Amino acid sequence: MNLEILGYSFIQKGLIAGTAIAIICSLMGMFLVLRRYSLFGDALSHMAFGGISLGLFTGIYPLWTAFIVSVLGALGITKLRKSTKISGDAAIAVLLVSGLGIGVLLISATGGFKVDLFSFLFGSILLISTEDMLLILGISSGIIATLVALRKQLLHLTFDEEQAQVSGINTDKLNYVFVVLASITVITSMRLVGILLISALIVLPNITAIMFGKGFKKTIALSVSMSVISVVSGIILSYYLDLAPSGTIVMISVAMLVGTLLFKYVNVLGKSHVIQKLTSEA
Amino acid sequence: MNVLEVSDVSIKYNGHLAVDKINFNVKEGDLLGIVGPNGAGKTTLFKAIIGLQNHSGKIKLFGYDEADYQPLLPLIGYVSQKVSFEPNFPATVSEVVSMGLIPEKKLRKGAVLLKNCGYSWNLLYKKVGKDSDKVLECLKTAGLESLKDRRIGDLSGGELQRVFIAKALVKDPVLLILDEPVTGVDADAQNKFYTVLRKINTENKITIVWSSHDLEAISKLANRVACMNRKLFFHGEKEEFFSNKELLKTYAESAMQMHMHDHN
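The listed protein sequences derive, respectively, from chains P and D.
Last residue of the first sequence? That's 286 in the working numbering, and every number before it is there in order.
Last residue of the second sequence? That's 1197 in the working numbering, and every number before it is there in order.
Chain P with its partners taken away, still in its complex shape (with noise of 0.2 Å):
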């Protein structure tokens, strides 16, 4: 395999998003999944997809409404959740059916699905301007910034809400500031993996990274460091295999997870197999 597909602009622009939405997804996934917020991706991402027939039918950027519609959804749930005690999954399950109820009513009222719809629901890295690259690097390094500057806060938040709101953390404030990079995040790394697979670059990653049993600091850097790979090894593999990248990024990112669950159970087997021959000769 040469190399020279480096030399392409347009692959060139989606290895620098890819990389950037990769790094992105893996340290907000590291909170959702710590949280058992697993699937919060998922149902902003079809909040998302209900922000974007809204702007297909009204004829406003749909990437604003996505990101409009996924915001207010979000928030709107965690002062739900608050104020009802209804319990985290179901909390998203209402999300989630409501952006696909409001997606599909639009949708046929538009006149069906068009070839604008299936970019956002399967991605385009590879079809992105410029101009998305930058927009995409600039909203990335935001989140970056605003995640190292809160990650003590986030920190504490994720491992017991109530310690941290004794240690005077105003976790109502931080919980909203939560949702809301969430939100954010998923709708910039639609362009990647589109609106179905986003839960995989959250969740994958970073579970695959918590089975190595290391301190916060050292899985931080696993999961990004696998989610970095996955998206630039996938996106170069579907050039050359002629697939989808977003399909193979996904693939690559389950690939890691089987490999590291199989070594861990090969692993445990050995010493098992070991202990076994100690007590017999003994």
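It is worth saying that the hints were derived from the structure and are not from the lab.
Accuracy of the hints is not assured; some may be wrong.
[Unchecked claim] Keeping only pairs whose Cα atoms sit at most 20 Å apart, straight-line, the calculated DMTMM-like set for lysine to aspartate or glutamate is: (1) P:K156 to D:E1019; (2) D:K1042 to D:E999; (3) P:K221 to D:D1087; (4) P:K156 to D:D1066; (5) P:K218 to D:D1082; (6) P:K222 to D:D1064; (7) D:K1015 to P:E165; (8) P:K156 to D:E1037; (9) P:K218 to D:E1019; (10) P:K268 to D:D1087; (11) P:K156 to D:D1064; (12) P:K156 to D:D1082; (13) P:K221 to D:E1028; (14) P:K222 to D:E1028; (15) P:K218 to D:E1092; (16) P:K221 to D:D1064; (17) D:K1015 to D:E1028; (18) P:K218 to D:E1078; (19) P:K275 to D:D1087; (20) P:K218 to D:E1028; (21) P:K222 to D:E1019; (22) D:K1015 to P:D164; (23) D:K1039 to P:E165; (24) D:K1039 to P:D176; (25) P:K221 to D:E1019; (26) P:K156 to D:E1028; (27) D:K1164 to D:E938; (28) P:K218 to D:D1087; (29) P:K221 to D:D1082; (30) P:K222 to D:D1082.
[Claimed, not checked] Restraint-style ranges between C-beta atoms, simulated for each label pair: (31) P:G274 to D:S1065: 27 to 37 Å; (32) P:T114 to D:D1001: 53 to 63 Å; (33) D:G948 to P:I233: 47 to 57 Å; (34) P:F122 to D:G972: 54 to 64 Å; (35) D:Q1014 to P:F267: 35 to 45 Å; (36) D:K1039 to P:K89: 25 to 35 Å.
[Stated by the list, open to error] Computed from the model, here is a short list of chain P residues facing chain D with C-beta under 7 Å: (37) L38; (38) F163; (39) G217.
Source: prediction; values computed, not measured.
Backbone N, C-alpha and C fix where the C-beta goes; we use that ideal spot for every residue, glycine too.
Take the given structure of chain P and dock chain D to it, following the hints.
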């Protein structure tokens, strides 16, 4: 000096009266043991003290009313009965303890309040330079330095509770509230925990309020005792409580009733 004053505090929880007009105080350096059966309202009362539960009546910290003592709340160390966290949470013992560190700017107002009321804040860990060194010192106090790099989910129940004590200590708390910290922990781990408790009360001079069912441990460690079951039945010196046979009998009976109720 009174660190904590609870006057006529009543709390309604899920429609019923969980705490009924309770009065007691905690003096500087006290180790107050609170005994009471399950469902006696101890946790609800603690939550009111740390600002997480609405109530009627008055709670004062260092003589300040609730409206004024908010900046002091981050200076209370609170260890709850059970911390439920994701079992695979990727954090080491050191990382969990460092979550207890509070930025200096958040402590300034509280420090001014303490100075104004003449309380000499015992800064043991804040004097230590780097954050990582403070964390290590607290781990040493809790007897956990050898576990500092272990992942939190790999610890036993007793070790975990000592980690949470270390996390509460790292901010040099002016009051430590422990809510049945060693329930469900084996005897050996309980003894290690009690050693740490004695050390932080006598050597670190930290005022402690501690709820427990372990009357023997309370008789050894606490200097004052409060006995409650929604209402307060006793508050005073430990010797007085343990010499009052009638009170002990009433406590044992109500604890047994609650135990039977819990298991039916």
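Hint check:
{"no.": "1", "hint": "P:K156 to D:E1019", "in the structure": "17 Å, holds"}
{"no.": "2", "hint": "D:K1042 to D:E999", "in the structure": "15 Å, holds"}
{"no.": "3", "hint": "P:K221 to D:D1087", "in the structure": "17 Å, holds"}
{"no.": "4", "hint": "P:K156 to D:D1066", "in the structure": "18 Å, holds"}
{"no.": "5", "hint": "P:K218 to D:D1082", "in the structure": "9 Å, holds"}
{"no.": "6", "hint": "P:K222 to D:D1064", "in the structure": "19 Å, holds"}
{"no.": "7", "hint": "D:K1015 to P:E165", "in the structure": "13 Å, holds"}
{"no.": "8", "hint": "P:K156 to D:E1037", "in the structure": "14 Å, holds"}
{"no.": "9", "hint": "P:K218 to D:E1019", "in the structure": "15 Å, holds"}
{"no.": "10", "hint": "P:K268 to D:D1087", "in the structure": "16 Å, holds"}
{"no.": "11", "hint": "P:K156 to D:D1064", "in the structure": "13 Å, holds"}
{"no.": "12", "hint": "P:K156 to D:D1082", "in the structure": "18 Å, holds"}
{"no.": "13", "hint": "P:K221 to D:E1028", "in the structure": "9 Å, holds"}
{"no.": "14", "hint": "P:K222 to D:E1028", "in the structure": "11 Å, holds"}
{"no.": "15", "hint": "P:K218 to D:E1092", "in the structure": "19 Å, holds"}
{"no.": "16", "hint": "P:K221 to D:D1064", "in the structure": "16 Å, holds"}
{"no.": "17", "hint": "D:K1015 to D:E1028", "in the structure": "19 Å, holds"}
{"no.": "18", "hint": "P:K218 to D:E1078", "in the structure": "18 Å, holds"}
{"no.": "19", "hint": "P:K275 to D:D1087", "in the structure": "18 Å, holds"}
{"no.": "20", "hint": "P:K218 to D:E1028", "in the structure": "11 Å, holds"}
{"no.": "21", "hint": "P:K222 to D:E1019", "in the structure": "18 Å, holds"}
{"no.": "22", "hint": "D:K1015 to P:D164", "in the structure": "11 Å, holds"}
{"no.": "23", "hint": "D:K1039 to P:E165", "in the structure": "18 Å, holds"}
{"no.": "24", "hint": "D:K1039 to P:D176", "in the structure": "18 Å, holds"}
{"no.": "25", "hint": "P:K221 to D:E1019", "in the structure": "17 Å, holds"}
{"no.": "26", "hint": "P:K156 to D:E1028", "in the structure": "10 Å, holds"}
{"no.": "27", "hint": "D:K1164 to D:E938", "in the structure": "16 Å, holds"}
{"no.": "28", "hint": "P:K218 to D:D1087", "in the structure": "11 Å, holds"}
{"no.": "29", "hint": "P:K221 to D:D1082", "in the structure": "12 Å, holds"}
{"no.": "30", "hint": "P:K222 to D:D1082", "in the structure": "12 Å, holds"}
{"no.": "31", "hint": "P:G274 to D:S1065: 27 to 37 Å", "in the structure": "35 Å, holds"}
{"no.": "32", "hint": "P:T114 to D:D1001: 53 to 63 Å", "in the structure": "59 Å, holds"}
{"no.": "33", "hint": "D:G948 to P:I233: 47 to 57 Å", "in the structure": "55 Å, holds"}
{"no.": "34", "hint": "P:F122 to D:G972: 54 to 64 Å", "in the structure": "58 Å, holds"}
{"no.": "35", "hint": "D:Q1014 to P:F267: 35 to 45 Å", "in the structure": "38 Å, holds"}
{"no.": "36", "hint": "D:K1039 to P:K89: 25 to 35 Å", "in the structure": "30 Å, holds"}
{"no.": "37", "hint": "L38", "in the structure": "5 Å, holds"}
{"no.": "38", "hint": "F163", "in the structure": "6 Å, holds"}
{"no.": "39", "hint": "G217", "in the structure": "6 Å, holds"}
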